[in-house]
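Student: The lines below spell out each chain.
There are 2 protein chains.
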Amino acid sequence: MTSEFGLIQRHFSRATPGAVLGVGDDCALLQPATGMQLAVSTDTLVADVHFFADADPEKLGWKSLAVNLSDLAAMGAAPRWATLALTLPEVDDDWLAAFATGLYRCADQFGVSLVGGDTTRGALSLTLTILGEVPPNQALRRDGAQAGDEIWVSGTLGDAALALAALHGRVNLTDADLITLAARLYTPTPRVELGLALRGLARSAIDVSDGLLADLGHILARSGVGAIVEYTHLPLGEIVHDYAAHPEFDACVLSGGDDYELCFTAPVAHRKALGEIAARLGVRLTAIGSIRAEPGLIVRDAQGQVLDMRHTGYDHFSA
Amino acid sequence: MTSEFGLIQRHFSRATPGAVLGVGDDCALLQPATGMQLAVSTDTLVADVHFFADADPEKLGWKSLAVNLSDLAAMGAAPRWATLALTLPEVDDDWLAAFATGLYRCADQFGVSLVGGDTTRGALSLTLTILGEVPPNQALRRDGAQAGDEIWVSGTLGDAALALAALHGRVNLTDADLITLAARLYTPTPRVELGLALRGLARSAIDVSDGLLADLGHILARSGVGAIVEYTHLPLGEIVHDYAAHPEFDACVLSGGDDYELCFTAPVAHRKALGEIAARLGVRLTAIGSIRAEPGLIVRDAQGQVLDMRHTGYDHFSA
Chain A
1 MTSEFGLIQR HFSRATPGAV LGVGDDCALL QPATGMQLAV STDTLVADVH FFADADPEKL
61 GWKSLAVNLS DLAAMGAAPR WATLALTLPE VDDDWLAAFA TGLYRCADQF GVSLVGGDTT
121 RGALSLTLTI LGEVPPNQAL RRDGAQAGDE IWVSGTLGDA ALALAALHGR VNLTDADLIT
181 LAARLYTPTP RVELGLALRG LARSAIDVSD GLLADLGHIL ARSGVGAIVE YTHLPLGEIV
241 HDYAAHPEFD ACVLSGGDDY ELCFTAPVAH RKALGEIAAR LGVRLTAIGS IRAEPGLIVR
301 DAQGQVLDMR HTGYDHFSA
Chain B
320 MTSEFGLIQR HFSRATPGAV LGVGDDCALL QPATGMQLAV STDTLVADVH FFADADPEKL
380 GWKSLAVNLS DLAAMGAAPR WATLALTLPE VDDDWLAAFA TGLYRCADQF GVSLVGGDTT
440 RGALSLTLTI LGEVPPNQAL RRDGAQAGDE IWVSGTLGDA ALALAALHGR VNLTDADLIT
500 LAARLYTPTP RVELGLALRG LARSAIDVSD GLLADLGHIL ARSGVGAIVE YTHLPLGEIV
560 HDYAAHPEFD ACVLSGGDDY ELCFTAPVAH RKALGEIAAR LGVRLTAIGS IRAEPGLIVR
620 DAQGQVLDMR HTGYDHFSA
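Line by line, the protein sequences are chains A and B.
Be aware that the first sequence starts at 1, since it is given in my numbering, and climbs by one per residue.
Be aware that the second sequence starts at 320, since it is given in my numbering, and climbs by one per residue.
Looking at chain A on its own, in the form it has when it is part of the complex:
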């Protein structure tokens, strides 16, 4: 590593009270809580694949951690530590300062210590690895869904995808609407508190990063079950709702990624408890369908007719 690149680490060398030893040695040293299990996830964001290369670096800093926190949320794990591997084409101090600002803002909000990393020269990309803790046998996994479970989704669907469709010129939005939806795309809120609250209630969970149908499909595949989703129950924000007749609508709501909401299943008996969680956390929770033993994922309308979802890009063979 050139010394120029070594200096970059200064942007990421804040004190790490959550670690025994933070940045500056061969490894960080961490003290896990006794008896807890560790939840670990790694995500890479590549310029011009996952974000625009000229993206606002502060927002990018937030998002790079937020998407990893979303994975922890989907496991019901409490965030503890993260490492950052940052590859940059050149050293731009202003960019780095803004990126670090966004990253630490997200870290502070969710109680994460950035304990280590690496900085290298190359095409712009970021790899975050996140570590959280969860008591044994309480993690929310993909493989626990059972026939009869209700399927729930937090928040609203399609906001980030509609923003992306507008940015790509496929949808026209007013400036005000674009700004509102772009916040979902650029600075998503990981559902960390919700994930913790769902321990002991949800039988399975996943975060919606690849689209509702694809991600619910992962639960079905791992659990060996099928599902019926009620098209008219899908939770929509006001702006997305107004685009219900647009050709992009179904793709945004059912196959759009980047919302980072949680999709989970729970026994019907937990409906009241889930309502109390929604009220306490101020998070909308919507039952959108049910798990059944018969394999396959179908979406049906208010009349019970099965809808053809191939136009959304969803490949039912992957479920």
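These are calculated hints, taken from the structure and not from any lab test.
All C-beta atoms in this analysis are idealised placements derived from N, C-alpha and C, irrespective of residue type, glycine included.
Everything hinted at is true.
Among chain B residues calculated to face chain A with C-beta under 10 Å, some are:
{"no.": "1", "residue": "A347"}
{"no.": "2", "residue": "S360"}
{"no.": "3", "residue": "M394"}
{"no.": "4", "residue": "W400"}
{"no.": "5", "residue": "T402"}
{"no.": "6", "residue": "G435"}
{"no.": "7", "residue": "G441"}
{"no.": "8", "residue": "A458"}
{"no.": "9", "residue": "R461"}
{"no.": "10", "residue": "A524"}
{"no.": "11", "residue": "R541"}
The following label-pair restraints were derived from C-beta to C-beta distances:
{"no.": "12", "chain 1": "B", "residue 1": "N456", "chain 2": "A", "residue 2": "K272", "range": "44 to 50 Å"}
{"no.": "13", "chain 1": "B", "residue 1": "F371", "chain 2": "A", "residue 2": "R280", "range": "53 to 59 Å"}
{"no.": "14", "chain 1": "B", "residue 1": "G519", "chain 2": "A", "residue 2": "F52", "range": "50 to 56 Å"}
{"no.": "15", "chain 1": "A", "residue 1": "G282", "chain 2": "B", "residue 2": "A502", "range": "58 to 64 Å"}
{"no.": "16", "chain 1": "B", "residue 1": "P614", "chain 2": "A", "residue 2": "Q138", "range": "48 to 54 Å"}
{"no.": "17", "chain 1": "A", "residue 1": "G304", "chain 2": "B", "residue 2": "T420", "range": "47 to 53 Å"}
{"no.": "18", "chain 1": "A", "residue 1": "K272", "chain 2": "B", "residue 2": "R333", "range": "42 to 48 Å"}
{"no.": "19", "chain 1": "B", "residue 1": "S332", "chain 2": "A", "residue 2": "G200", "range": "25 to 31 Å"}
Once you have looked at the hints, place chain B on chain A.
Tutor: Just chain B now, kept in the frame of chain A:
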């Protein structure tokens, strides 16, 4: 992620007996041993910066894990788990199969479970995050060197750097010698067993990845001490020894990276114990100098004359 890229994960989905839950959920779930501390390190290797883009993928798989294991070794931590973030310009099944073979060969040899990862499209780069365990207060840190400590190095220095100099056309080697040295460059052996054996004996340690002077300099900076290194004590392999008169020699031995040996300091009283470890593990251990209170890192010859090391690329201001 396209399904084409999703399929890549099949190459990295072996059973993970070392994990509660391995690849296939939002996070991996791990059960740390009670009371142990976690050592965590992240390293990125970028094509055409850290390796040739057309490098043998099996060797690259080995090296990408080995360099992370070297960081654990330098902490005296026992390897447990790793995650892999792999960015690829295209899906090449043969390349992936060979890369996975090398990675798992290294993982199996050192008892590491690959528990998760991410695969994305982009310029070729790899980020490994490794997790190991070490009992509280037994980690080998950079900040523990004390005046009077002897400075030790494992193995031999300069082998990998001389191979690289030959591959870049700056040094002529016989084919046999190049093959021998290239093994040090492409498939380094992390000193994991040595790191574990040094718990309770070494006061500080680091792995030699950026060159002896730079890495020893990190120990000095973190410990607030200085050092004298005896030029004639530096441990050399036969091939490197024969190049002692070559203009590249000092740069290879003193500033060459990629040897992944351990440099550590220990009280003189531990000399006998270190000799027994060297014999038991079959690892050469050489005392190359001593720590002193006076700041700065100097190299002196057999006559006690201080040598000018600026031609090695070593910047003494960084110590």
